[in-house]
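Model the full structure from these sequences, guided by the hints.
Chains A and B, in that order, give the protein sequences.
Note that the first sequence covers residues 0 to 248 in numbering that gives the first Met the number 0.
Note that the second sequence covers residues 0 to 277 in numbering that gives the first Met the number 0.
I should point out that these hints are in silico values taken from the structure, not numbers from a laboratory.
Predicted model, so just to flag it, every value in this text is computed and none were measured.
Check before you lean on any hint, since a few could be wrong.
Which stretches of chain B does chain A cover? Using the computed rule of at least three CB atoms under 8 Å from a CB of chain A, they are [to be verified]:
#, stretch
1, 151–158
2, 161–168
3, 202–215
Within a straight-line C-alpha distance of at most 20 Å, the following computed SDA-like cross-link-like pairs (lysine to any residue) qualify [as the list claims (entries may be wrong)]:
#, chain 1, residue 1, chain 2, residue 2
4, B, Lys-82, A, Glu-69
5, B, Lys-264, B, Ala-206
6, A, Lys-70, B, Glu-160
7, B, Lys-82, A, Tyr-14
8, B, Lys-34, A, Leu-84
9, A, Lys-210, A, Val-19
10, A, Lys-48, B, Lys-81
11, A, Lys-55, B, Lys-81
12, A, Lys-48, B, Lys-82
13, B, Lys-216, A, His-132
14, A, Lys-184, A, Asp-31
15, B, Lys-82, A, Ser-13
Even glycine gets a Cβ: it sits at the ideal position worked out from N, Cα and C.
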Amino acid sequence: MSREIVDLKNICFSYNGDTVLEDINLKIMENDLMAIIGPNGGGKTTLIKLILGLLKPLKGNIRIMGEAPEKGRKRIGYLQQHPDLDMRFPISVRDTVLMGRYRGVAQRYTPGDMKAVQKALATMGISKLGSRHIGMLSGGQLQRVLIARAIVREPLLLLMDEPLASIDTEMQRSIYELFVKLRKKMAIVFVTHDIGAISIYIEKVACLNRKLFYHGPKEGSLGKLEKTYGCPVEAIAHGVPHRVLKKHL
Amino acid sequence: MMAEIFQYTFIRNAIIAAVLVNIACGIVGTFIVVKRIALLSGGISHATFGGIGLGYFLGINPIITAIPFSLASAFAIGVLSKKGKLSEDTAIGIFWTAGMALGIIFINLTPGYAPDLFSYLFGNILTIPITDLYIMLALDLVVVILVIVFFKELMAISLDEEFSAVIGIPNNVFYIMLLMLVSLSAVLLIRIVGIILVIALLTIPAAICRQFTYNIKNLIISSMITGTILTIGGLFLSYILDMTSGATIILLLTFAFTLSFGVKKILALLMIKRHKNT
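Next up, the structure:
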């Protein structure tokens, strides 16, 4: 029996009177691997910020492990879409990741935290970059550092905003393989506008454009497609000719 | 004989002051530079002039009244820019000028002549009384202790506010605390370089040093040392040339900043050469 990690009930949100999200219902369960796809302006980032309690819903209720987002978000590892990082900021990769272990005021980092950082760097395949300055990283390396910073707190949910944007297909594949490895320990949910980024590894898909349409694991024909094509299928969604997901009602 | 002792004391006070201010400046200046809030800090330091005027008006040491005044303006700018509908640069513009105007009005309201006014505006490191040295020491202690205790939080909000919110750091609290540290440093600096030039001593040493290190602790320490050397250097230069100490110190800082670009270039070239040789 898997636990429920995030529960969104009847969420509505608007910016200055423009409805961005309408009546959103979504449950994220333990070990889920879910993609939420939608066009630009469809409300994807807003949804993530609502889950994290960075924005307040107009209506509806959000629970993270039964707690309010401001409390429960400590259990979420978060990867921003465009982190507002100054690449000249004087900090090493190791110290950047260590920030993810923050527990509270006047609580020092322990040797256990250091070990967790080492482990997260190893998981992301960047152990050698620990003492490098963040300004010296390539785009792909930086993305791995930021994912390491998100997973180093051993969250129950890894929530990512466009994690695959601006990285090439080869790199996307290795990141997907990583997700598969990570999901044994945490639920993984990401949003993307790029239908091509949905791969066979994803078993739950939700489509978001003001409203959310959930395509559960029952529609897991994504995997079958791969057999049909004999290669990882990446371009699938509501389009013709290969309808894989049901039409929205 | 008397003259010599007098000279010895004021020079000694000036050197102690230079060291004391640069302790706070190295720390707070580093955060100003890495968090890119130089203009905001300029606004806070200018607004402090209102507190100086208040001191004249009440007939007490203007540095004493400048402390609460400066803290209050830092708090107000922080709250307005974070929570209000006002954009940050607008808030800065308003406080910058309103604080200075208030200072002038207070001085207008004070009967008689305002002595030393010029030294609060442009600094005069050679006339620092011993009581002000004790105030500087106290402010230094506050800055050093707060930064040591909340180093992790200050780092996190400086690097990435969104992430720091998610890991449970109350951003606004620490942001306002940082601005208050800036205001305390500004008060420390008023005697040395004057309100108008405070921001230079807060930013230039860190701006010089960040070109040579990627480690924030090294950056803080090297900024302290650089700032102290240049302040004392500027002090002697102003003494020899008989110029205003604040302005001389700032121009020396600017000169050193320009020079540091050249040094950085030469170092980079040497690195490439060594690379080629091996």
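Now for the hints, and whether the structure bears them out:
1. 151–158: This one holds; 6 residues, not fewer than the three required, reach chain A with a Cβ under 8 Å.
2. 161–168: Since three or more residues must qualify, the claim that chain A covers the stretch 161–168 of chain B holds, with 8 doing so at under 8 Å.
3. 202–215: This one holds; 5 residues, not fewer than the three required, reach chain A with a Cβ under 8 Å.
4. B:Lys-82 to A:Glu-69: The hint holds at about 18 Å.
5. B:Lys-264 to B:Ala-206: 15 Å, holds
6. A:Lys-70 to B:Glu-160: 17 Å, holds
7. B:Lys-82 to A:Tyr-14: Answer holds: B:Lys-82 to A:Tyr-14 is near 16 Å, not above 20 Å.
8. B:Lys-34 to A:Leu-84: Status holds; Cα separation ~10 Å.
9. A:Lys-210 to A:Val-19: Holds: A:Lys-210 and A:Val-19 sit about 9 Å apart, inside 20 Å.
10. A:Lys-48 to B:Lys-81: 18 Å, holds
11. A:Lys-55 to B:Lys-81: 17 Å, holds
12. A:Lys-48 to B:Lys-82: Distance ~18 Å between A:Lys-48 and B:Lys-82 Cα, so the pair holds.
13. B:Lys-216 to A:His-132: With Cα atoms ~14 Å apart, B:Lys-216 and A:His-132 stay inside 20 Å; holds.
14. A:Lys-184 to A:Asp-31: 10 Å, holds
15. B:Lys-82 to A:Ser-13: 19 Å, holds
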